[in-house]
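A.B. asks: So you can see what is in the structure, the chains are spelled out below.
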Amino acid sequence: MGIGYDCFETARLLRMTQRIHRPGIRVYLRLKESKLTESHVIQTRELRKRYRPDIMAVDGLSMRVKRGEVYGFVGPNGSGKTTTLRMLLGLVRPTSGDCEMLGEAPGSPEALGRIGALMETPAFYPYLSGRDNLRVLARHASVSYDRIDPVLAEVDLTRRADYRFKSYSLGMKQRLGMAAALLKDPELLILDEPTNGLDPAGMAEMRDLIRNLGHGERTVLLSSHLMGELEQICDRIGVVKDGRIIREGTLDELRRGERLKLRAEPVAEAIALLKKLAGVGKIDAGDGGILMIEADPSRAAEINRVLVEAGIQVSELCVVKLSLESVFLSLTEEAEPLG
Amino acid sequence: MDSLMAELLLLRKRVGNWVLLGFWLFMAVLFSYLLPYYAYTSDLNFHGRGVGVVLLIALLPQNLVANITNSFPFFGGTMVLIMGALAMGSEYNWGTLTPVFTQRAGRLKVFFAKILALAIALVPFVLLVFLLAFLASVSISWREGQPIELPPLWDLLRALAAGWFLLAVWAAFGVFLAVLSRGTALAIGLGIIYGLVIEGIISSFGRQIDLLKQISTVLLRTNGYSLISSLGVTLPSEAGPGGFSGESVSGTQAALVLAGCLLVFIAVSAAVIRRRDVSGAS
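Chains as they are written, first to last, in the numbering used here: chain A, 40 to 378; chain B, 814 to 1095.
Since the hints were derived computationally from the structure, they do not count as laboratory data. Ideal Cβ positions, reconstructed from N, Cα and C, are used throughout, including at glycine. Please note: incorrect hints may appear among the correct ones.
Unchecked claim - Across the chosen pairs, the derived CB separations fall in these ranges:
no. : chain 1 : residue 1 : chain 2 : residue 2 : range
1   : B       : V832      : A       : N116      : 37 to 43 Å
2   : A       : A243      : B       : L999      : 41 to 47 Å
3   : B       : W831      : A       : P239      : 41 to 47 Å
4   : B       : G829      : A       : N251      : 36 to 42 Å
5   : B       : V1031     : A       : P189      : 50 to 56 Å
Please model the complete structure; the sequences and the hints are all you need to start from.
C.D. replies: Here you go:
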């Protein structure tokens, strides 16, 4: 649905709200009024979910996922990732805030028909075979059974398709979950920890699969703890902490806060001088007089000159390439375990 | 229609449902025909004293309706309560509401497809038990050298409809409990305790306490027995299995109360399904 907001559309939407008092619809309407662009397939604004008075799972989360990109959603355990994904799918109702999926209300049949999702550990009927499980979902999605064999082949599960789900290994369950997500040939894929339980070879296969799926017009929203995985697959990444996005951008943008590694003597004077410089952020002092400085790498020469002119001996100055994991850990500070 | 086909597939492929169907058929024939016939043929001093003849007549095909419908409000209801609780509660246990609700069909569409599928699945529960009962009664007639007379068709149709209706109410009760408890175990436990214990206690105390007597008139078993009683069925004695000693209401009142219960169970379940957040497996 485009952003064209003509009178006919307004009247239709108003009729909808008169008939259906659903938060999702109201949320959708507010976003329509804000005239966000169609190039974003997911848009949330100040999304909140409070489970109990003392539990705010998502606290003012705003994000935009562009059409055709692979968006990484990363955060420590309990940071609100899964609750956010569930709100995007209409499984959980937001307490407040706005949300729009593919131009539709979250959880609406119009949106769900174009979204494939794999949420956490895949849930299927244990007494049915993999193929029958896909048949059930295909029926609910009004998708032809003809789609089942291709998606089973795509996730390399054809040989075990007629075995009962309860006999599957965790890796096979995960692949069946991916097959189910692909059943509708969706425009948007939402994957929550898709490599859970996979062995290294399975993880590599899944990574390749996701990378291939992310090509072209299809958009992928990928939640994962595995930084290396996200680093290899994602176009953009949003870092979530305490229910809100604390940093969002491409890998290069996230690394733009890359650090300068400086070895200088005397250290205390170097730190005092650096703190006075504009554009220099956090300074961490390490062993052996090494300083890690948060600053634009292009300012290395300027920093060097200022220190040398002040009589400080600079024996090493280089740009440190941060891994996504380092960025993540520095952003979330407490360095919570990622498992 | 697509969601209905999906739900029918789920019910058809679940072995537990076939076990319930088999167990229900076995219990119905055992308690309605085999045990009474065994009692008739055993040395229980029935022969030649009138009581035995009455017992035998109840087992003949012309009394098919009266004999078999007694089992519906008792263990028939409990069997399908389990089926309803399993059909809905397992979705919570396995976390399958997440993939199902993220397909194109909306929550209510899926829920009503499940209800409709259960209603369809109850048809063999009714037809097969009548068929088996008929075969048992014909066998007894043949063995005892009695003429085979079929019950009036209209009576048979009314009994089939009433039987299906009673089972539908109990199955909806199972679904209702499963939705409220988000699982199978508590729903089945509570349902069985309610059906087999609580209703019996309330009916018993109803003879001494007027308030309980009034309350018993809106209970499932009371109205179930009242409904089949309106078909000309003699209710089982208090002492036997499924014995009933509570209040009776008119057939019309029973049908209305049961219909009201059915609507309440379905409406409340649907409202909860529609409103409540869906989390992972419980």
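A.B. asks: Which hint numbers does the structure go against, in order from smallest to largest?
C.D. replies: none
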